[in-house]
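Novice: Listed below are the residues making up each chain.
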Amino acid sequence: MKRVRTVLFMLAIAAVFGAGVTGLYLGSKKTVEQNKRFIEQKALVELFGLGDIQTLSKEEIDQIVGTQIDQSETLTDPHNGNTIPLLKAYADAEQTQLVAYGFPFAGIGFWAEIKGYIAVDSTLRKTIGLKVIEQAETPGLGARIEEPFFVKPFMDGLNITPPAPGASYLYMGVSGRTPEKGTAQYGRTFDAITGATQTSLAMERMLNEAVAEFGRCVKNRKAGGVNR
Amino acid sequence: MAFKDTAGGKALIQNLWHENPVFRQMLGICSTLAVTNLLKNTLLMCGGLIFTAGLSSLTISLLRKTIPKQVRMMVQVLIIAAYVIIVDTFIRAQFPDIHKTIGPYVGLIITNCIIMGRAEAFASKNPAWPSLLDGIGAGLGYSLILVIIALVREALGFGTLMGIPLPARDVWWYQWTIMVMPPGAFFMLALVAWFGNATLLKREKNGGAK
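Protein sequence lines, in the order shown, are assigned to chains A and B.
Take any residue in the first sequence, note its place counting from 1, add 679, and you have its number in the numbering used here.
Take any residue in the second sequence, note its place counting from 1, add 14, and you have its number in the numbering used here.
By construction, these hints were calculated from the structure, which means they are not laboratory data.
We put the beta carbon where it would ideally sit given N, CA and C, even for glycine.
Worth double-checking, as some hints may not be accurate.
Stretch by stretch, here's where chain A covers chain B in the computed footprint (C-beta under 8 angstroms, at least three residues) [as the list claims (entries may be wrong)]:
(1) 42-55
(2) 120-132
(3) 189-195
(4) 212-220
Pulled out of the complex, with its shape left as it was, chain B reads as follows (with noise of 0.2 angstroms):
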């Protein structure tokens, strides 16, 4: 059987794109309105992000048989806060620079959406391997769109890409300050939000997605 016919493999392309949990399911929001004005505070929220939903994923479909219906949801954030600690107390102690600077924004992987959600929708119910996939597809999906979004504002927003600046920004470039403020955020997720449910519309229209 190919990977992509497998319960985790089908989990993880869905994930990506059709099922992609800012633009089809609008999760995580917050966080992508909040980091993407800067490519690389972007990079390392998604990295955490990643981290935290393949491993949370994974551990709440492991104890899914033991954990009590009635508490499954405290144990879900439980679980999801003490791997936000680890990756927060890991930042703090080797990267301590990039800490100071997204060090706010870590703690409130705890709140996104796609991790409780994929914990409740899917590694509550499912097999280790494919939660395991799940959580880190849903991670993917929110890192592809949060990267595009991040290109654009940071590049529009202040003339640099990962801080270095665009060649002869200063030049031809008038850097756009709404593109790094909250409105220019809001844009850019609405148009990538457009073009990516078009597309797939479009697709289905032509019986191309299933």
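Isolated chain A, as found in the complex (with noise of 0.2 angstroms):
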């Protein structure tokens, strides 16, 4: 009897609390996605350098995606069959005047995963920016990803074209060294995270293997390969 009442119990405390907890969840799940849909927008904006994301409102934001950001394209990687977006941001609404591409970029970082995107200079020769939109690294070492230090070098134009046999597309490098010219390296490198190595080289493996492929999928492109 007291075994039966014992299980009851835990059953009863079990549902009211699950119960209380989903419908939390489900209460919350609008605003979340929004939430979610807005953090992403608002990247988009800030990696295109489309407004200023401080002064612009919320439906700013929204209009401005929705109007100078093109997500209709998806490429396609001839080597392994995969599909990514290809966005096409432009400086007016009526998308005349092409600023820059735009393209999604993944992989494991020291704890999680790490999603963001990475655009480059209509040339397709330069990055011009990059942007972290989901990270749970350490909060002050790894996160840091997200900061401007961290973005600069893509900000100010880090080389994307195809680099010589063996050599990599990007290198993770010292605080304050600048490789010398004619190396590998040169024009090529961000600054790694003190106290963060996991993190900034898991960043240099995802971004390598994201501009590859990107590589990859415009020369598929330009060979009139399939695209959508």
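Can you join these two chains into the complex? Each is in its own frame, and there are hints to help.
Specialist: Right under this line is the structure:
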């Protein structure tokens, strides 16, 4: 009898608290999804430099993303058949003046998956921005991949033209040290984060993979390969 | 009767210093080491912990006569987990940018020994009001130490406070990166524990503390 009472008690308390938590989750689901969408929209506006996200309202950001960023095309990687979305950012709502292209990157960081976008100029030779939209790295250390000092080299322009055989597209470097001209690292190096070597290495790996895949996709597109 | 002489008042005050969960009982060390490199993250973690510790102690106290003894710890974990999910959902919905930063740590409040410790040691044996105050006191005691550690670590490690650069940071200060890394947290925790325990021992020797 005592055992039955214990089991019934556990069932009852699990049902009460489970229902409460589920209700709260369902009640906030819409807001959470809206927040997630808004974070992504803000990230895109910031990535392509289409406005100051500090001064723009939610509606203005929504409008800029809707009119100035074309997200309708996807590219296919002939190497593995993967498809990636191609973002095209325009300076005007009529989409006459192309500013940049963008594509996503993703990979496993030190703790969890890191997702974001890379922006490249219209000649596809240099980066013009990097934006992390999802990460769970160590606050104060790996999480600094979102900070301006880490993003700056990408905004200043890192070379993403095909590297020499055996070399990488991008390299993780040491803060304050510029690679010498003529080396494989010159013009392709971003600063590592002190105390977050694993996150920095993970970023180097996933960015190289993303840029290489984008390169293959573009080559395939130029060659008339299948895209959607 | 003065507030400090009531059961709840005593529990609240004792947890702040004399029975501080961090440096006297060595509880909640994991998060103390993890979040204290930035003051903003620390304050949010502390807010979440005070909320969870207070309300889980209150709930466990209200149910203490109904909870079967053999499953009490399972029930305590279930109640604590429910409150942590409430905190997580609230921050996720209302402060999405902040959730991006401290989200991974909010879930870890469930495993914070302070909450479970206070639930088992106090709330399961005492009435609701003192239990609520005991939980809040434990949260405040934890927060006091974390804020002290975070103030030093962020200032020395980043040269900032709440993310705002200290005056002329780049002119006079070379940032001590080790302070924002795990060893910095261990140094600071050891120093705070040493200072706190030494102060209490000195007072006890002088007959000042009970």
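Novice: Going through the earlier hints one by one, which of them does the structure break, listed in rising order?
Specialist: 2, 4
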